[in-house]
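> Listed here are the chains, written in short residue letters.
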Amino acid sequence: MDDIDAMFSDLLGEMDLLTQSLGQETEPPEPLPSTGQEINFSVGFTGLNASIQDLEDNDLDALMADLVADLSETEKKLEAEIQGLNAPPSSSSDLPPPPKGLGVQPASSITSPPSPGNNRSSSVTTPSSSTSSPLPLPQSSKPTMEEIEAQMKADKIKLALEKLKEAKVKKLVVKVVMNDGSSKTLMVDERQTVREVLDNLFEKTHCDCNVDWSLCETNHELQLERTFEDHENLVEPLLAWTRDSENKVLFQERKDKFEVFKNPQNFYLWKKDKKTLKDMKDKDKELLVQENFCGTSIIVPDLEGVLHLKEDGKKSWKQRLFQLRASGIYYVPKGKTKSSRDLICFVQFDNVNVYYGKDVKNRYKAPTDFCFVLKHPQIQKESQYIKYLCCDDAWTMNLWVTGIRIAKYGASLHENFKTAERKAAVSAAVWTNRSTPSSSSPSTPSPTIRAKTATQANGHAPKPQPGPPHQGIGNLPAPPPLNEILPPPPPEPVLPPPPPSLASKPPLSNFPPPPLSMDGLPPPPPPPPMDNFSEDPPDFLPPPPPPTSYSSLPPPPAPAPAANFGGNINKSLPPPPPNPEFLPPPPPDPVFVASGAPPPPPPPPPPAAVSAPRPAAQQKKMPPAPPKRTTPTLQGGGGGGGDFMSELMSAMRKRTDQ
Amino acid sequence: MAAWDLSVKVEDLGPDAPPVTISVASDLHVGGVILKLVEKTQMQRNWSDHALWWDQKQRWLLRTAWTLEKYGIHADARLLFMPQHKPLKLGLPSGKTVMLKACFSNPVFQTVMGICRMLNIRHPEELSLLRPVEEKKKKKDKDMTEEIYDLTEVPLSSVSRPCLYNGMPAHFADSEQMEGVYKMLSVTQPPPAPEVIAKQYRPASVVDKSHIHGRWLDSSRCLMQQGIQENDRLWLRFKYYSFYDIEPKYDVVRLTQLYEQARWAILLEDIDCTEEEMMLFGALQYHINKVALSEPQMMSSNAALDDLESALQSLEVKMEGDSSSASDLLENMTAPELNDYLKIFRPKRLTLKGYKQYWFKFQDTSISYFKSKEESIGEPIQQINLKGCEVAPDVNVAAQKFLIRLLIPAPEGMNEVYLRCENEQQYAQWMAGCRLASKGKSLADSSFQSEIQSIRSFLAMQKTNSGSSNNSAASDESINTHSLVSPRYHKKYKPKQLTPRILDAYQNVAQLSLTDALMRFLQIWQALPDFGLSYVVVRFKGSRKDEVLGIAPNRLIRIDLGVGDVVKTWRYNNMKQWNVNWDIKQMAIEFEGNVNIAFGCVTADCKIVHEFIGGYIFMSTRSREKSDTLNEELFHKLTGGHEAL
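Protein chains in written order, with my numbering: chain A, 1 to 658; chain B, 659 to 1303.
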């Protein structure tokens, strides 16, 4: 064991430091400590964008949350893997890791649901099912010492590997400028695509999520600007920025981003007269998109025209007849025909990006201000390798830029559009209802932390889940948000609720495993998620959770969640104020609290908690249903969201059941 | 009814045998005539494929229930009794010839369906037959007996079901010879010798191309009606450039032949492309040929573990082994690297004049260099990250020059750095490393070894090309690069000059599997601006000069012959109707918005133009929902013209 521990710590390196610091810092609710934490974190990333010191408190909070989420995600994965490895005995093995201070467990709690397959109708039964799940435990709990040890070893190894991997992932703290001039800070890791970051931002703002929302990059020094494509990774281009750069990432609506899919005729039939283009029927537009994007090959708009060129660092602009082809931009050499074979390759797209140039008339004496620029993404300063191309009007410029994007990105563009459309449709239905939770993020630092702690406590308790976890694991990956967010902060000491967690850790051996699992699973897990969500929403990526939690309550599942709610509120959330801020629908909470409140209070002693929640659930089964329904309607203003909400609910239930 | 004598020539009796005369009445149906004929000849054989051909009227008497009267046959009719399926020499897109029995009595559309069924090509509606361009037999070409793959023995009945045996249709599995034929159909041909390319007919202008398109057979009439004789030679080609639902799993032959057609279109400049595109096509051809030769082994090389993954895996193993120390583990985790003395030159820096030797270390995606090997533990003099850089070779094997030119992006612009290697081996490794690093892959990437291999094989190509008369062990890898590009570039570049350019393009495709490479080739082909255009010279109503009508899968274009510019475009989806005046051979098309055009066809029969337009409209009606059954009737409606009625 010692050996392994030693190795373990060696390998963990920064990550270990990180987690430790995290744990310490989270304890005090004040925001300050978190700064230190971030610095620790920053080992992994280059703080190009916003040096951490510049961040405001609320930014820090948000970041904290992100970090925590991040960590917990890893842990969750880990947990999942561990579960996969461990045979039945896993229950016992799970326990050892918790002491390490990692919040791995919470994830598992969610995972364990034995009755995930059931629909909402089954929600009532969930509590019972959860109880049944523990049964397998007794058997598993018997493993010999060696087995347990081996298991622990295996777990640690897994954990180490996972951490190693995680440690290698670059993360950036990115400050995104909103279109109202304010800014949001979030953490982006190198695996995240622009699409994911956009979704994250949708979470944090109350924008309408339409397809035009984009992330743009501006280069201050060169006065360039471009829209990131949704499939790009965000971190990579940002890493190319110089240390002192005043470049920015903007979050704004860009009509040109997907215009080619909305009005393909303007690009593919641009030679036709304006009126025909304007009167284009939707059917024909669709056909055009189909023809050019859905065949075996992506067809690039047929573009050709005289443009003004400035290149090689020269000051003069010369005119050339350019032609766009799938393989690059070409020009017709002087005195030659336009025949393909005579064309000279001007640029191919593998290593260049296309940007809009600003203020080129002033800066470079350009003939017009409609300029697009081709350069290697890593070039950040004036250089002879930057090519400037000037068009006669904005429309031509738009044609070229879009054409180049099609040639460069091909089918990805269309994929991006389809994804964005889907996203917009869903959010149009659902998000409109959920009014303002995100924007208010700044004010509530302390509550958040508390919430987390509370959840954590719960999280630990659930761990015990023995057999079921395997199945749960499979399901878990997707939902990460809930669990992940919470786990890392070990703030247990601060809050009264911690008892459960403590109990769970040590008790393992002492307590009969089955009861623990049972207790922990049903009651504790659900509450944490809810709390977290309500408070955290702004910071975290996982958008679904907040709505889910609410939605889940209304329908049938009421018993368990309600209990939790009450419990949480009583325990961890003394400050009613925080809730209102985050949760647009304040009414629901009180309602639930009232119903659920009685049972939850006893959370500290694990066994007690178990007993308490169940009865509550049962009682509620019958009566609670009506209130829930009413609540949703109240919250939901919009009609469309129903289906989506119910889906979320069912998902939630699965978790809560466990 | 009165009986009269009908004489019928029976082909099976031989060309010189006198006609068989039978006594018939006008109310005798055709089936009866055939029965009498067979009885009279007293030959024992399977007559089921035979039918009567009426020579004067150029028509088959296929309705056996019709009476002679109904057909209007009198004693003076010259009738021929012969099989409906006859051997035909079919030139495939790949340039190979197969001999097979095709139906001479059904409309060509159905004949093609039959041929495609036999060859295992799906979507026969996209193909058709055309009369070959007469090859000028220069000097009788030493009686070049080209190989003909014989499929005439395949019993027609067995072809009806394409039951696959071992991935190929059952009728190919009968004998080794047949398997050979299938291999020819389904495997891409090696690059042709440059002389072969040069010798082929190449259309020099749009007008030349339009003449080729005048050769398509009429798909609503049968081969007999179009004067095609037994053993004649025809070309089978993809006619409609709208390739539906290509599924590599089922379309082995189709994909291969499509690739061949595309390849030849490029090589013969039937479709124009730029030099850069030509190099890429060349690289793909090279790659496809290479992979096709080593296909069996290629199948399982897709597991690309990244370095971290593999490092972790090995770590895991070690840890579970439990016997190794932590330092061991760490060692195990270190990614592979390259270390060597190389020479570096920075063209723009004044401080370094000429090449200077340093100890270089290639790790991950970066190159670092040190004064000497001994100092390599400390801080490097410089570290260069190659991610996103441009890599170009500058190699002359004969002169033993192995230079890697790097263009490395930096915030201030691109920095030029040359690395000089001592020998081929060193060059191949470092070049492969640079190539991968430029794409953000490290040396641990699974493609590293194959990258080295391909660089070496290109070096080998340069060796054999450079004239030191062919070392007899010319491996499959050594291809004359002139085989990969059109004759225009034969004149422009020597093979030696072409090699690095093709290699350059090759790095982007070197990792593709055979299928992916074929698809990529087709994609690039389809992305060419002129793709899918079939030309016809026409005279627009009211115009005094010939112009060219380009027929594409989705539109018609009008090309001014003088300038070569596209003057006008009409899309089919705006088309309201089109009419053909068969008497004056004029087509009139009406588009939405009161746009009317009319033209007469100069280089092709207007039936061909009519069929092209109707055909493309038919192609666009195919959709996945409608299963696989071909709507023949609709095709005929759209393309048949007056025959359809």
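To be clear, the hints were calculated from the coordinates, so they are not data collected in a lab. Just to be clear, a hint being listed does not mean it is correct.
[To be verified] For lysine-lysine, the following DSSO-like pairs were computed, each having C-alpha atoms within a straight-line distance of at most 27 Å:
id : chain 1 : residue 1 : chain 2 : residue 2
1  : A       : K334      : B       : K1152
2  : B       : K857      : B       : K1150
3  : B       : K1097     : A       : K165
If you're wondering where the values come from, they're calculated on a predicted model, not measured in any experiment.
> Indicate, hint by hint, whether the structure satisfies it.
We went through each hint and held it up to the structure:
no. : hint             : in the structure
1   : A/K334 - B/K1152 : 26 Å, holds
2   : B/K857 - B/K1150 : 17 Å, holds
3   : B/K1097 - A/K165 : 21 Å, holds
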